[in-house]
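K.L.:
Residue numbers (the working numbering), protein chains in the order written: chain A, -1 to 328; chain B, -1 to 328.
Since the hints were derived computationally from the structure, they do not count as laboratory data.
Keep in mind that the hints are not guaranteed to be accurate.
Any copy, or any two copies together, can satisfy a pair, since identical chains are not distinguished.
What the hints assert, rightly or not - Below, in silico cross-link-like pairs of lysine to aspartate or glutamate (EDC-like), each with a Cα-Cα straight-line distance of 16 Å or less:
#, residue 1, residue 2
1, Lys101, Glu90
2, Lys4, Glu81
3, Lys315, Glu81
4, Lys237, Asp256
Protein chains: 2
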Amino acid sequence: MKIVDKMQEEGLDTFLILNPHNIAYLAGFKPSSSSVLLIKEEPVIFTSKMDLEDANLNSKVGTEEFKSLDEIKKLLEGRVGIEGSMKMETFERLKKDSASDFKITGIVEELRQIKTNSELKNIIKALRIAEKSLKQVEFNKKSENDVAAEIEYNMRLNGSNKAAFDTIVASGTRSSLPHADPTFKAIEMPVVIDWGAEYSNYCSDTTRTIIETEKQEEIFDIVFEAQKSAVKVIKPWVKASYIDKVARNVIEEYGYGDAFIHSTGHGVGLEVHEAPSLSKRETIKLQKGMVITIEPGIYLENEFGVRIENMIHITNKGNVLNRIKTKISM
Amino acid sequence: MKIVDKMQEEGLDTFLILNPHNIAYLAGFKPSSSSVLLIKEEPVIFTSKMDLEDANLNSKVGTEEFKSLDEIKKLLEGRVGIEGSMKMETFERLKKDSASDFKITGIVEELRQIKTNSELKNIIKALRIAEKSLKQVEFNKKSENDVAAEIEYNMRLNGSNKAAFDTIVASGTRSSLPHADPTFKAIEMPVVIDWGAEYSNYCSDTTRTIIETEKQEEIFDIVFEAQKSAVKVIKPWVKASYIDKVARNVIEEYGYGDAFIHSTGHGVGLEVHEAPSLSKRETIKLQKGMVITIEPGIYLENEFGVRIENMIHITNKGNVLNRIKTKISM
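Looking at chain A on its own, in the form it has when it is part of the complex (with noise of 0.2 Å):
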């Protein structure tokens, strides 16, 4: 196990390991409620007696019940590893009246970032459940809250066992907002699409626009040349941030800097947004075997919005993983 050397490297006795996500890379099993996946020489799961059946199919480690966290408080033993996650609350009562000595650690997520062939195929497996849920759904007529309902319910029936995150179908003045909710007002031009599906616990993460004006046009261009320009630099080695900054410059060069308003990207896998962020403050460098996304737009407050959202998994180069047209019709 790759992580008892990480640990070994960060000085670690113990890891105490909460977060749902982290587990169940780890462990191959995703619990529902309070469990810790506890590395000493062996890793344990502690979960609750409601999930115990589950694990006890599913956990690649061995699983005891949780009881209470005083119980596991029992058995940290030298400096014990926490993540950056951990509420503080729990903190506050693993601190108490425990002679532990605790460090933040980052290395399962740091871990998580370079994507294994396994982990990949379920990556491009939910992203072509996404994408062909896209295609089967007729826009006639629909609000963006029946075209938001009928993707969730076709990638449900295309194998993936729920949305990646919350569908957005942004149409008209609406689409300016880049999160917005869908509502329940017909469709209207432009319309905004950023929707994903989970499939064995991995999510995609797409995003297309589909217009209709000049003005519209115009703008999709610029953010489509931003997302070209953006992919063709990608390579191992280059700094996250350097990617941001050139898909930003696209949209400066034509204006359009300050409706650029977040930033052009950020890793995919068990996490609709995990690490390495595609921003300006990023200091991470890209890596082969990454799995990132590149998402540039531009809003136009009152007007409309344009996004574009591909998947990318880093080779050599970036290798767009979507295979939906970039340009889509109703």
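Dock chain B against chain A, hints included.
P.N.:
Leaving out everything else, chain B in the frame of chain A:
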């Protein structure tokens, strides 16, 4: 604003609120990205550029652009309240080079336990949507996954903006797993369906079990008796742990104590699980205005499981909000 009185009681000069549910509760706007609600004299929401247009439209309090945590740190004064749900990694960045005195406080979560009339209306609306959506399902020859997909699709069309949580449809032996994911296998008996809608950010949470054999009916009747007995003793100022005890006693009397492998219920509101917990260890007493679930269950490993979950509004007694029948059939 009640929150300011609570802050004074706890000796807080500043309150730094990051939890999106807490922000939604206090400001009427639920952010989709990094946001901070800062309360000193006047409350202000700092939200990312991406959410700013939406915040300006919907927030009840003033809005500003969120630039960085460092900018926020400059605004902290005196004793600073933070939430127990804050992540350790956020706190590390917050306390670095900071002279502030931080104190974890649960005052928003405490206020959230008692629902206002308008909150109650949203919860009931979510419940009615969920109930109607189950009634519309055709079970004939479907898989667990088909039924889950159809419930969620119906909820959307009936006015919910999303499922309140991952819909559970667990049939045959899988019904013995309280949190089973729906599979692609054809529905067998019994079927446990645990589903809820979200409406205006408020959740519903209900479970029905459809039974067939005499053994299943025998277990159903015990769970139903536990359900009714628990509801009967609900009233203000009774301990939440007592309600758990009453439900558990009924099931224990019939010899199935070991098969009731979770707590009896929980609060519902902006989150599907919130305070109080109806469990052995809960120290909270029930109060007028709380909305809770009562969900006893019996899970017979490798055989089947039965759970019945209703939503209860606490007035002078336990007022069951559900209108869907407890015994439903396919």
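K.L.:
Each hint needs a verdict: does it hold in this structure or not?
P.N.:
Okay, the hints, checked on the actual structure:
no.: 1; hint: Lys101 to Glu90; in the structure: both (14 Å within a copy, 11 Å between copies)
no.: 2; hint: Lys4 to Glu81; in the structure: within (14 Å within a copy, 31 Å between copies)
no.: 3; hint: Lys315 to Glu81; in the structure: neither (32 Å within a copy, 43 Å between copies)
no.: 4; hint: Lys237 to Asp256; in the structure: neither (23 Å within a copy, 55 Å between copies)
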